[in-house]
Amino acid sequence: MSTPTVIAQGVSKRFGPKVALAGVDLHLASGITGLLGPNGAGKTTLLRILATVLAPDRGDLEVLGHDPSTADGRLAVRRRLGYLPQEPGFHRSFSAFEFVDYVAILKEWSDRRSRHDEVRRVLSLVGLEPVMGTAIRKLSGGMRRRVAIAQSLLGDPDLLVLDEPTAGLDPEQRLRFRELLSAVAARSTVLLSTHQTDDVAALCNRVIVLLAGEVRFAGTPQELAALAEGRVWIDSVRDAAAQLAWITGEGMVRHIGPPPAGAHLVPPTVEDGYLTLSEATAGALV
Amino acid sequence: MDAVRTDAALLAALAEGDRGALRELHDRHAPWLSSRLRRRCADPDLAAEALQDTFVAVWKGAGRWDGRGEPAAWMWGIAIRRLIGVLRRRGRWTPVASPSGAAEEVVVAAEEQVLLSIEHGGLAAAMATLSPELRAVLQATVLDGLTTREAGHLLGIPAGTVKTRAMRARAELRGALT
Amino acid sequence: MTTWHAPPDVLARYARTPEALDEVTAASVEQHLLACAECRSGVAQAAAPVASASWAAIADVIDRPRASIVERLLARFGLPDHLARVIGATPGLRVAWVTTIAVLGLGAAAIARDTGSSAVFLAIAPLLPLGSVLLTFLPAEEPGGEAAAATPLHGAGVAIRRTVAALVPTFLALGLASAALPRLTEAAAWLLPGLALAAGVLLLATYLRPVLAATTLTAGWVGLLTAVRVVEGRHLALADTVVFEPTGQLVALALAVLAAGLVHLRRDHFSTVEVTW
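Chains as they are written, first to last, in my numbering: chain A, 1 to 286; chain B, 1 to 178; chain C, 1 to 277.
Only chain A is shown next, with the shape it has when bound in the complex (with noise of 0.2 angstroms):
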């Protein structure tokens, strides 16, 4: 692996009596990594000590080589950063232009003609060069979140962190949004999350799963998706012995546990390997 971007060891957070993060060590480097988990992982919670919004109660944190819990880290850190969070919270009156505007004010381009430029260069980036200028509150979701999309691209970072940049997008949208990511982590270093499996499938070269707080996998899609090898079979009818089952798209059933003899056996995907990973921590028997 290259140099990595961000180093977390033992990383931990509580809010009250929950515990959002429980030790979590992890490495980062160039590309685009997915971060998969169910709600209330701690996925959110992760992103935003990384994108430097929220300090962590313990562990150690290296950020693009520095120490977030410093000031003078944190200004450095976000220098080269980009943040999308998982709720935007827009002004009430801002047009798309306006809000991806005073958010590059904040990343320091004081000066006019070239924030401008730079504003305008995202928003195509991102598609939605024709309604600049329209407010927020009457676009629709997808393009709400392509308008937060694109104030994260703005002074092209090298540390990428976006909080499920893919909700609310429908399949054509997130196509661009694939072909878009991939053109720009070719220089930066990109952490996602999502629940898209079939996003970390096309996108992501790594992939880290977290659970109640904890990493429970860090490697490839690929890896991830053989974790369910030789446990996933299709059937017109349900097997009771299967510890997940459901209906697919074409009428049969899938299943993921130990399959029964003569079962007809299918290549896992990366939804099955994750599956059987939440299930196996879920305590279920294997």
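The hints are simulated quantities; they were obtained by calculation from the structure and are not laboratory data. Predicted, not measured: the structure shown is a model, and the values here were computed from it. Ideal Cβ placement from N, Cα and C applies to all residues, glycine included. Hints are supplied without guarantee of correctness; some may be wrong.
Distance ranges between label pairs, derived from CB positions [said to hold, decoys possible]:
(1) C:17 with B:66: 47 to 57 angstroms
(2) A:186 with C:253: 53 to 63 angstroms
(3) B:66 with C:12: 26 to 36 angstroms
(4) C:222 with A:110: 35 to 45 angstroms
Listed below are several chain B residues computed to face chain C (Cβ distance under 10 angstroms; list not exhaustive) [claimed, not checked]:
(5) 27
(6) 139
(7) 161
Chain A is already provided as a structure; the job is to place chains B and C on it using the hints.
Just chains B and C now, kept in the frame of chain A:
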């Protein structure tokens, strides 16, 4: 992408805030408007400024197109008045670019030459008999549809002079054409 | 009748060197262009480079965000445009909030005129600057949303400038309202305690969540006034109690200065935020 939109559709869209519609309208019309403005004002920077003012004005007030006539003609109406505005702001009465008959003729193929003369017959010869000042006044009042006052601002002459020159130009043209 | 179109090279000539065309040809072409989209696009193709330069200039004008009145005022006071935009977005500067303060202040002053006692005014007025500071720090009021917390400018520089900006109209509005008080000697009695409370909540915001900081100090102030009431007796006007007498004013001033100093020492904390508001 989507189907090609008409100028009228673009004007309606940009009144709703569709910036892409303004861009499309600009790409279609800015080039000829730019050329036409440059033939009214010797300074290309002022012409460029007027062009930009035109599209900003269209963006801000496109709802004012009444839907009648050609959008192109409506846009020229805005453009020429913006040019007058620019000239007045700068206080520079730059002489209208009016090449005399001795300027380089456009070389056209033979049959196109014939077509051109069918288009405006003896007008070419008649126009050539007029002085540059009279031709400029004709261009401003007849072709561009300006009022005598506006033509005066454009040409840097008093409105009264515009009137007298226009009358003389018309009289001379009538004489040359009949 | 055949559709006449201008010859392509004439169009090209018109596109590139329009001044060089003779008048009659040009007039003919120009009249034709008003009605023919095909020939217009012929001109456009020949003049391609002109179009993108001119568009950049137009975009620069139409994209420019409209500046609010506050923003323009701040720029007039010498603030660079981009900072005026950020500071101008301070919630404490909003007309609605300043009006609220003015109304509350005038209301309390009216009560003072009616009852002859400025107790209500002196109890409430010092809390309003605290409210303005609280508004400045509420994460929900940040125009840039959560993304703003991850930017380089998120920190003491903007936070303190915003606080100061929010306090100016607050103090002005209260000052005007206090002119309506029956006894002018009491008119300035709220000022230093108000300053102390504002500086105090600013300091506490580096330790606690903004709402908690504000609630704590408000409770403390109410508690202080109640205690003073109990100790010094009900017959004494609030304005004559130790809180508002010269001793109290000096203490308030000292606390304000101390809080400001500590704020400066703790300024690194302004670049962190607890997003669990």
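Here is how each hint holds up against the structure:
{"no.": "1", "hint": "C:17 with B:66: 47 to 57 angstroms", "in the structure": "violated (35 angstroms)"}
{"no.": "2", "hint": "A:186 with C:253: 53 to 63 angstroms", "in the structure": "holds (59 angstroms)"}
{"no.": "3", "hint": "B:66 with C:12: 26 to 36 angstroms", "in the structure": "holds (34 angstroms)"}
{"no.": "4", "hint": "C:222 with A:110: 35 to 45 angstroms", "in the structure": "holds (44 angstroms)"}
{"no.": "5", "hint": "27", "in the structure": "holds (6 angstroms)"}
{"no.": "6", "hint": "139", "in the structure": "holds (7 angstroms)"}
{"no.": "7", "hint": "161", "in the structure": "violated (20 angstroms)"}
Hints 1, 7, counting from the list given before, are not met by this structure.
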